[in-house]
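Top to bottom, those sequences are chains H and E. Per our numbering, the very first residue in the first sequence carries number 6; after that it's consecutive. Per our numbering, the very first residue in the second sequence carries number 365; after that it's consecutive.
Just to be clear, a hint being listed does not mean it is correct.
[Said to hold, decoys possible] Cut-off 20 Å, straight-line C-alpha distance, at most; resulting in silico cross-link-like pairs (SDA-like, lysine to any residue):
{"hint": "1", "chain 1": "H", "residue 1": "76", "chain 2": "H", "residue 2": "65"}
{"hint": "2", "chain 1": "H", "residue 1": "6", "chain 2": "E", "residue 2": "408"}
{"hint": "3", "chain 1": "H", "residue 1": "6", "chain 2": "E", "residue 2": "424"}
The set of hints was computed from the structure by calculation and includes no laboratory data.
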Amino acid sequence: KNQVEQSPQSLIILEGKNCTLQCNYTVSPFSNLRWYKQDTGRGPVSLTIMTFSENTKSNGRYTATLDADTKQSSLHITASQLSDSASYICVVSGWSGGSYIPTFGRGTSLIVHP
Amino acid sequence: NAGVTQTPKFQVLKTGQSMTLQCAQDMNHEYMSWYRQDPGMGLRLIHYSVGAGITDQGEVPNGYNVSRSTTEDFPLRLLSAAPSQTSVYFCASSYSTPHSRGSYEQYFGPGTRLTVT
């Protein structure tokens, strides 16, 4: 069964500090991996998209890495801001049962304190 | 552009009632999908559509119906609501299927919070 595991479940950091969120997956065959940011009470917003041939992708202070061999991805946030407080969701898509299907992680809840 | 819009924002139903969650997008996207988000779980795909007149089931389709008569609209119908359908529902759209080897951006609506008593 396809699975996406994210760690840590929650994280508290001080404003200005860096942090790294982890995503391990068992989805196979793999088509792409996405990271989303979801603010409380809002829909997810795309941060990065990586296909199997890409191993790093940046979006401002957000940098995602992908190791398709070990089936691991990370999202690094640089110089955190209060507005980074949100849930970060890893989504891995793959071919299953005749169609492309996404498998969502449960998310990492990040709180940035002043 | 309004992007992806969903109505209503909140809804309370009694067991057995029916209702339709509305979703519309103004980006001329072919691919639209519905997800549910439950506490402690990742989002799960309910139904999706790759274009007007074409729909297919996702991971958790039971208890839900969809249709796609226009490119813009993709309503989700609950025929007989059950407490297990209490959840937050998100509609999303993208230019083409976001889950293949392409890199199509997927845009989510603000969600509908549904409670079934």
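Now for the hints, and whether the structure bears them out:
1. 76/H with 65/H: Violated - the C-alpha atoms of residue 65/H and residue 76/H are around 24 Å apart, more than 20 Å.
2. 6/H with 408/E: Measuring from Cα to Cα gives roughly 14 Å; hence the hint holds.
3. 6/H with 424/E: Holds: residue 6/H and residue 424/E sit about 15 Å apart, inside 20 Å.
Consistency with the previously given hints fails for number 1 only.
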